[in-house]
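**Q** Model the full assembly from the supplied sequences, consistent with the hints where possible.
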Amino acid sequence: MDKKSSHGIELPLRDCIKLYTDGKDYLNQALKNVKSSNHRNASVHLSAALDAPTTCETGFKETIHKKSPVAKVNKALFQKILIPLAFSNMM
2 MDKKSSHGIE LPLRDCIKLY TDGKDYLNQA LKNVKSSNHR NASVHLSAAL
52 DAPTTCETGF KETIHKKSPV AKVNKALFQK ILIPLAFSNM M
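Residues in the sequence shown are numbered consecutively from 2, following the working numbering.
A hint or two may mislead.
[Said to hold, decoys possible] Calculated cross-link-like contacts (lysine-lysine; reagent style DSS-like; alpha-carbon spacing at most 25 Å): (1) Lys-81 - Lys-67; (2) Lys-62 - Lys-19; (3) Lys-25 - Lys-76; (4) Lys-33 - Lys-62.
Hints in this document: simulated from the structure, not taken from any laboratory.
**A** Okay, structure coming up:
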């Protein structure tokens with residue numbers, strides 16, 4: 002990515018890092034909940050983690066009016082969280 006196309010990208014990327022960090026914490030808590038058979042709280046934490054990739058993308062669209070450079074990662078992360086969330090909601 003050259004300097005011209007990276008203009009304004011730092012702030013939304015920093016926001017994404019914070020969101021991913023929080024999401025990781027929620028996923029770790031969800032894992033603990035599953036291990037203790039607390040599926041309701043697992044669903045709550047998985048839902049919270051699911052917000053990270055979506056909010057990251059929204060930040061880019063609202064801040065620099067472009068798709069984020071991590072859009073593919075966000076899409077994959079969203080799908081990988083959505084699957085265990087669906088299972089957790091079935092319990």
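**Q** Next, verify each hint and record whether it holds.
**A** Cross-check of the supplied hints:
no. : hint            : result
1   : Lys-81 - Lys-67 : 24 Å, holds
2   : Lys-62 - Lys-19 : 17 Å, holds
3   : Lys-25 - Lys-76 : 16 Å, holds
4   : Lys-33 - Lys-62 : 34 Å, violated
When held up to the earlier numbered hints, the structure conflicts with hint 4 and nothing else.
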